[in-house]
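Generate the whole structure from the sequences, applying the supplied hints.
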Amino acid sequence: MRAATRAIAAAVLAMLLAGCALGPTKSDPFEPWNRAMYAIHEPIDDNIVRPAVQTYVDYTPRVIRLAISNVFNNIDDLFSAINGVLQGKMDKAGNDFARVMLNTGFGLGGLIDIASDAGIERGMEDFGQTFGVWGFAQGPYLFVPLFGPTTVRDGTGTIVRIYLGPVGYIPDVPVRNSLYGIGAVDIRAQALEASSIIDKAALDRYTFIRRAYLQRREYLVNDGKMPPVKEEDE
Amino acid sequence: MMSMLAWIRAAALALAFAAALALAFAAAPALAQEAPDALVKRVSQEVLQIIRSDPLVQAGNEARIREVIETKLLPHFDFQRMTALAMGRNWRAANPDQQKRLVDEFRTLLVRTYSGALNQYRKETIDYKPVRMGAADTDVTVRTAVMKPGGNPVQIDYSMEKLPEGWKAYDVIVGGVSLVTNYRDEFNEQIKSGGVDGLIKTLADRNKGGAAK
Numbered sequence: 000m001r002a003a004t005r006a007i008a009a010a011v012l013a014m015l016l017a018g019c020a021l022g023p024t025k026s027d028p029f030e031p032w033n034r035a036m037y038a039i040h041e042p043i044d045d046n047i048v049r050p051a052v053q054t055y056v057d058y059t060p061r062v063i064r065l066a067i068s069n070v071f072n073n074i075d076d077l078f079s080a081i082n083g084v085l086q087g088k089m090d091k092a093g094n095d096f097a098r099v100m101l102n103t104g105f106g107l108g109g110l111i112d113i114a115s116d117a118g119i120e121r122g123m124e125d126f127g128q129t130f131g132v133w134g135f136a137q138g139p140y141l142f143v144p145l146f147g148p149t150t151v152r153d154g155t156g157t158i159v160r161i162y163l164g165p166v167g168y169i170p171d172v173p174v175r176n177s178l179y180g181i182g183a184v185d186i187r188a189q190a191l192e193a194s195s196i197i198d199k200a201a202l203d204r205y206t207f208i209r210r211a212y213l214q215r216r217e218y219l220v221n222d223g224k225m226p227p228v229k230e231e232d233e
Numbered sequence: 000m001m002s003m004l005a006w007i008r009a010a011a012l013a014l015a016f017a018a019a020l021a022l023a024f025a026a027a028p029a030l031a032q033e034a035p036d037a038l039v040k041r042v043s044q045e046v047l048q049i050i051r052s053d054p055l056v057q058a059g060n061e062a063r064i065r066e067v068i069e070t071k072l073l074p075h076f077d078f079q080r081m082t083a084l085a086m087g088r089n090w091r092a093a094n095p096d097q098q099k100r101l102v103d104e105f106r107t108l109l110v111r112t113y114s115g116a117l118n119q120y121r122k123e124t125i126d127y128k129p130v131r132m133g134a135a136d137t138d139v140t141v142r143t144a145v146m147k148p149g150g151n152p153v154q155i156d157y158s159m160e161k162l163p164e165g166w167k168a169y170d171v172i173v174g175g176v177s178l179v180t181n182y183r184d185e186f187n188e189q190i191k192s193g194g195v196d197g198l199i200k201t202l203a204d205r206n207k208g209g210a211a212k
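Note that the protein sequences, when read in sequence, are chains D and V.
Reminder that position 77 of the first sequence reads as 76 in numbering that gives the first Met the number 0, one-by-one numbering, no gaps.
Reminder that position 137 of the second sequence reads as 136 in numbering that gives the first Met the number 0, one-by-one numbering, no gaps.
None of the hints are false.
Think about it this way: if two alpha-carbon atoms lie no more than 25 Å apart in a straight line, the pair counts; the simulated SDA-like pairs of lysine to any residue are:
1. V:Lys-122 - D:Glu-120
2. V:Lys-122 - D:Arg-61
3. V:Lys-147 - D:Val-184
4. V:Lys-147 - D:Asp-198
5. V:Lys-191 - D:Met-36
6. V:Lys-147 - D:Ile-74
7. V:Lys-147 - D:Phe-105
8. D:Lys-224 - V:Gly-133
9. V:Lys-200 - D:Asp-203
10. D:Lys-224 - V:Asp-138
Simulated restraints, written as ranges between beta carbons of each label pair:
11. V:Gly-194 - D:Pro-31: 18 to 24 Å
12. V:Gly-194 - D:Asp-171: 58 to 64 Å
13. D:Ala-38 - V:Thr-107: 25 to 31 Å
14. V:Ala-62 - D:Asp-171: 52 to 58 Å
15. V:Arg-51 - D:Glu-217: 30 to 36 Å
Hint data in this document are derived by calculation from the structure and do not stem from the laboratory.
Where is the CB? At the ideal position from N, CA and C, for every residue including glycine.
Shown next, in the form of structure tokens:
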């Protein structure tokens, strides 16, 4: 895990330096590289990952899929609470802590999301957003095969998040890898509907995904307080 | 990893519920003076009702779904403004004839995209946030949240403008992603490589069933 983290950090740094050498461009200075990565990603996702995940959705009872999502969400909520505190958003952090306690204590260790039923909203904060609130810009956009869209800032947040665990700290390697696998399938399953919409909506899927990702992240950092886009922007 | 990709989860629901954008504007002749939030609520409730009860819609009958969208939703959207927004500063580079064709093709693309998802939304409920606005306001955002059983709520906001014939939506923002301006980069690219006519051709090809690159 650590070696991998270091390797990714080195790669990110190298790309940043390359970015400086290229001179300032807009949000996607590495577009040729990213498009090459997307070209690797797309056939694998279309032909292997999506059909496999669709099979999972078709043949796994909804209750079980929901319970799996809830367990991972419960862990995310804890990190959301921590990030809420780091951003000084004590209301959100309080909600997230309450969610974790309710769902862990009374929701069978997180299998059942009773906090949502009780109307306690998820804060959905993460490290990338925290860096944003602290004033760090997104940095160059990156498309990572099998992982998806990210940026230097958000990707750094992801690395921090993976590093902190908890899955990475499970000593039993097969169990750990299984959990990583289930987590990945769970995430991809949530995005199946989005994928089918993108198929229909996009003129160029790479560009569509990039714009949607960057918009979504900016919206999350600003907690939904966004000025409306006008005709003359950009 | 989870937190990083939390957006995908939201975006999945979100983009899916872009279908609900369609829903959200269905229905009935608009009363000219109907408040924008009341309009959103009435139209979306009517379309939800149709989705839940109409057997043809539930069976995924494309003609019927398109009919619902055309009659219930489209009258409440300003496609001219939507297309201009998606074009950004390129809009003024297009002549009136090109502009008209762009509006037609863009409308078709949006209808095609979201009609496919319409019949999947039966169990969802919509939470409407009241709009705080003055009597003289002509541009407001109506905020809603779509609640899906067992899923995270998806915020859907409608940018609305007051026109002589009533309030109309000119953008739908799903979980922070503007469905209209999300096309700006794509339109820009198309115009850079093939001009406005190139973009019109790409849109027309897509609408005839061609795949995205």
